[in-house]
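Chemist: Below are the chains, spelled out letter by letter.
There are 2 protein chains.
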Amino acid sequence: MSLILKNVILNQKLCDIKIEKCRFAEIAPTIFPNAGDEVVDAGRKAIFPGFYNLHTHAAMSLLKGLGDDKELFSWLSQDIWPREAKFNADIIYIGTKLAMLEMAKSGTVFFSDMYFEQAAIMKAVAEMGLRAAVSIVGFDMFEAQQTAQKIDAIKAFLDLENPNPDLIQKVLAVHSVYTVSARLIEYTAQTAHDNNMMLHIHASETKKEVEDCKKEHGCSPISYLESLGALGPRTVLAHAVWLDDADIDIIVKNKVKLVTNPSSNFKLASGMFQLDKLRKANCVIGLGTDGSASNNSLSMFDEMKLCSLSAKIQASDPTAAKAEDIFAIATLNGAEIMGIDAGIIEVGKLADCMLVNLDNPQMFPDYNPISNLVYAADSSIVDTLICNGKIIMQNHQLPNEAEVWAQAKAALKHIN
Amino acid sequence: MSLILKNVILNQKLCDIKIEKCRFAEIAPTIFPNAGDEVVDAGRKAIFPGFYNLHTHAAMSLLKGLGDDKELFSWLSQDIWPREAKFNADIIYIGTKLAMLEMAKSGTVFFSDMYFEQAAIMKAVAEMGLRAAVSIVGFDMFEAQQTAQKIDAIKAFLDLENPNPDLIQKVLAVHSVYTVSARLIEYTAQTAHDNNMMLHIHASETKKEVEDCKKEHGCSPISYLESLGALGPRTVLAHAVWLDDADIDIIVKNKVKLVTNPSSNFKLASGMFQLDKLRKANCVIGLGTDGSASNNSLSMFDEMKLCSLSAKIQASDPTAAKAEDIFAIATLNGAEIMGIDAGIIEVGKLADCMLVNLDNPQMFPDYNPISNLVYAADSSIVDTLICNGKIIMQNHQLPNEAEVWAQAKAALKHIN
Chain X
32 MSLILKNVIL
42 NQKLCDIKIE
52 KCRFAEIAPT
62 IFPNAGDEVV
72 DAGRKAIFPG
82 FYNLHTHAAM
92 SLLKGLGDDK
102 ELFSWLSQDI
112 WPREAKFNAD
122 IIYIGTKLAM
132 LEMAKSGTVF
142 FSDMYFEQAA
152 IMKAVAEMGL
162 RAAVSIVGFD
172 MFEAQQTAQK
182 IDAIKAFLDL
192 ENPNPDLIQK
202 VLAVHSVYTV
212 SARLIEYTAQ
222 TAHDNNMMLH
232 IHASETKKEV
242 EDCKKEHGCS
252 PISYLESLGA
262 LGPRTVLAHA
272 VWLDDADIDI
282 IVKNKVKLVT
292 NPSSNFKLAS
302 GMFQLDKLRK
312 ANCVIGLGTD
322 GSASNNSLSM
332 FDEMKLCSLS
342 AKIQASDPTA
352 AKAEDIFAIA
362 TLNGAEIMGI
372 DAGIIEVGKL
382 ADCMLVNLDN
392 PQMFPDYNPI
402 SNLVYAADSS
412 IVDTLICNGK
422 IIMQNHQLPN
432 EAEVWAQAKA
442 ALKHIN
Chain H
32 MSLILKNVIL
42 NQKLCDIKIE
52 KCRFAEIAPT
62 IFPNAGDEVV
72 DAGRKAIFPG
82 FYNLHTHAAM
92 SLLKGLGDDK
102 ELFSWLSQDI
112 WPREAKFNAD
122 IIYIGTKLAM
132 LEMAKSGTVF
142 FSDMYFEQAA
152 IMKAVAEMGL
162 RAAVSIVGFD
172 MFEAQQTAQK
182 IDAIKAFLDL
192 ENPNPDLIQK
202 VLAVHSVYTV
212 SARLIEYTAQ
222 TAHDNNMMLH
232 IHASETKKEV
242 EDCKKEHGCS
252 PISYLESLGA
262 LGPRTVLAHA
272 VWLDDADIDI
282 IVKNKVKLVT
292 NPSSNFKLAS
302 GMFQLDKLRK
312 ANCVIGLGTD
322 GSASNNSLSM
332 FDEMKLCSLS
342 AKIQASDPTA
352 AKAEDIFAIA
362 TLNGAEIMGI
372 DAGIIEVGKL
382 ADCMLVNLDN
392 PQMFPDYNPI
402 SNLVYAADSS
412 IVDTLICNGK
422 IIMQNHQLPN
432 EAEVWAQAKA
442 ALKHIN
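As you go down the protein sequences, you meet chains X and H in turn. Quick note: the first sequence uses our numbering, first residue 32, plus one each step. Quick note: the second sequence uses our numbering, first residue 32, plus one each step.
Just so you know, the hints here were simulated from the structure itself, not pulled from any lab data. On a predicted model such as this, the values are computed, not experimentally measured, just so you know. Among the hints, a few may not be true.
[Said to hold, decoys possible] Heads up, simulated DSSO-like pairs for lysine-lysine below, C-alpha to C-alpha not over 30 Å straight-line:
1. K239/X to K311/H
2. K353/X to K440/H
3. K308/H to K238/X
4. K284/X to K238/X
5. K284/X to K37/X
6. K238/H to K238/X
7. K238/H to K444/X
8. K308/X to K101/H
9. K353/X to K101/H
10. K239/H to K353/X
11. K44/H to K117/X
12. K186/H to K44/X
13. K353/X to K154/X
14. K201/H to K101/X
15. K101/H to K311/X
16. K444/H to K44/X
17. K101/X to K44/H
18. K117/H to K311/X
19. K37/X to K52/X
20. K37/X to K440/H
[Claimed, not checked] Where chain H lies over chain X, by a calculated footprint (3+ residues, C-beta under 8 Å):
21. 35-41
22. 337-347
23. 397-404
[As the list claims (entries may be wrong)] Not everything, but these chain H residues come out facing chain X in the computed CB check (under 10 Å):
24. D99
25. K101
26. M134
27. K298
28. R310
29. N327
30. S341
Quick reminder that beta carbons are idealized off the backbone N, C-alpha and C, glycines included.
With the sequences and hints as input, model every part of the structure.
Modeler: The following block contains the structure:
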């Protein structure tokens, strides 16, 4: 049984698309369905790949709008930590679902998460039908007892059942060089290497982090992570704002991947990612929204636009960070970094895509639809979302929205 | 006859709101309609003021996505000017309507326009029912014949019939110090002064503009405009990116108003508006999207977010440009600058407002709805738009959308 999308606009041309066994199976002017095929008339909506959000903390959706516009420490200590202390597996399950509601409605098919309670998160992801990388986060505040506990937790995570390996990838994470001991970084890196898992790390987000690391270890966070064996082709560094030329050489040499989170970096006044310079140095770059507490949107539309605009202003060059390149960063690059055979509408690729209303002033005129997506569009244009060949959303509505709302409202009462 | 909005959330409390003779007449827990009143059940949607977009070129909606990511001159000469040469009053009428469709759908009730064919623009505005400031643009490229023609055109504009003075304000404009002669700037400024009209000017947008002005006139564009009598409390300077301390003193002394257009300034790599510094110097600031060719969105949601984020990164201070202040800049400040007695939901004020769906992940949790509007929301949350007491849009749909689409598609064929 296949899914046939009739009357789709692909690259500004009308066609039909057949999806079979999770992949695009045929793209042709007309495809005739067989008995049992599901047929969806796209009604001249345009098809684009879905977005791959390479760095977020999904369950922080329940903390959005708390203590904005504050200094980092008072924000964390007065607003975030007291409520996170009330988080449990149920709350995190619900917060993750709420985040996925926002992500699906804005065209996102995949997110790379860094949070607690992996079993609850995997359950939420499997139920919503999106893709995710779910990580266990190394975080020990340099206390030997916490290090030992976290090592046990990583071992247990390796054995934890994955409810849908087609959608969910288990990965390991290190919170940062300023919160995790060398022992735990080394252990996590070695375990990731031994198990062919990806390793997700916050690195060089702020100037202070870099300065403190130099004082403490005599080198930059990038150099320090390299010395601990944490850098390789499966390492993804989030933020990576404060990189010098030596850092960039290390990143390129080790084929490390980078994820930029421009809204978060701007909102926390951390600094500007050097997109243009890093692309010219052949770094491989993905895009992420960061969590709802520091962005506060999970929309990759917002993030693409700021990613481009930030690069242009930083390079003082309006030709930097062209729309097509930024769209690739948010789609194909993201999928490739995460080892997902998707991110482009081509026969053979996994069917992760969205259908977009073109009768919307954001998408008209159609001189350059990709420019419209990057600079002019927002979540209101996304009608249908398909992930791994299955329809997740139609008419901008998910089937389980009412249930997610009821759960989210109950969870909010619990933490406040 | 009044319009009664039942079950509205105002400042997180449920109430009814009566609108009478274009103004908010009553806000109370329950209002009983009289015979003949129009009653709209808001169904627990939240009410907020609409947005005041203080600088745009509406009809450039038909040029969106053309030649992005190019150098300024090749963009203008290859992409923009050849098509603008095909613009006529009909095309501009349609382009202005298309822009208003995008603006209405993203919560905007007013725009300050700078373009050609004022009669066509005023007709479009009156038909759509939004508010606008419609300007005639001083632009003579220092050629005496053009100066004389433009002076005649300004005189004719003063006599041009205004089809709806409640909604439309005629204003004068000067394109810039690098495109307009001193003679025409002086004439326009004097005419604005004599007729109590506002004066809208692009000023100090790029570093090159400032440097060239210093070479040519021995002073900054701000100082030069002051010397020509063009600065006063009814002058609105768009962009104003490259201001030094002397410029700021002149602006404050003359009570000049500023409009920031962050997306355009980033996209063209012009520079960053000094929001935090200018607010501390007590400058009065509004927000604008600029035209679709240089942003490319007309959504004030995008613009509010970048306005805040840009100010935070520029000041290296996450506490700069708080959500509440940015929201005021986009609403109340904008209305006040333009002399419109609106921008806030209060009895006695003109009824310019939007109703917003709260059952949307962008607006949930509701710890701080204004933070959600500034940092997390996009046009998808706007259900209803009311301008000057009249309902312009419900269910995110305008009554004349189909007609605008048909006209816009026809216009596009004409210019391509």
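Chemist: With a cut-off of 10 Å on the beta carbons, see whether D99/H makes it to chain X.
Modeler: Holds. Min distance 5 Å.
Chemist: Quick check: the region 337-347 of chain X, covered by chain H? Criterion 3+ residues, Cβ under 8 Å.
Modeler: holds (count 8)
Chemist: Next pair to validate is K308/X with K101/H; report whether the Cα-Cα distance is within 30 Å.
Modeler: The hint holds at about 18 Å.
Chemist: Closer than 10 Å between Cβ atoms is the bar; does R310/H clear it against chain X? Give me holds or violated.
Modeler: Since chain X brings no Cβ nearer than about 14 Å to R310/H, farther than 10 Å, the hint is violated.
Chemist: Have a go at the K101/H hint: is there a Cβ in chain X nearer than 10 Å to its own Cβ?
Modeler: holds (6 Å)
Chemist: CA of K239/H to CA of K353/X, is that 30 Å or under?
Modeler: Given pair K239/H, K353/X holds - Cα atoms ~23 Å apart, limit 30 Å.
Chemist: K201/H and K101/X were given as a pair; does the straight-line alpha-carbon distance stay at or below 30 Å?
Modeler: Violated, because 42 Å separates the two Cα atoms, which is more than 30 Å.
Chemist: Tell me if the interface restraint on K298/H is satisfied: Cβ within less than 10 Å of some Cβ in chain X.
Modeler: With a closest approach of 6 Å, the K298/H hint holds.
Chemist: Does K353/X pair with K154/X here, judged by a C-alpha cut-off of 30 Å?
Modeler: violated (38 Å)
Chemist: Starting from K238/H, check that the Cα of K444/X is at most 30 Å away, please.
Modeler: violated (52 Å)
Chemist: Classify the hint on N327/H as holds or violated, based on whether any CB of chain X lies nearer than 10 Å to its CB.
Modeler: holds (4 Å)
Chemist: For the pair supplied as a hint, K353/X and K101/H, confirm whether the alpha-carbon distance does not exceed 30 Å.
Modeler: Holds - the C-alpha atoms of K101/H and K353/X are around 9 Å apart, at most 30 Å.
In this structure, the hints that do not hold are numbers 5, 7, 12, 13, 14, 18, 21, 28, in rising order.
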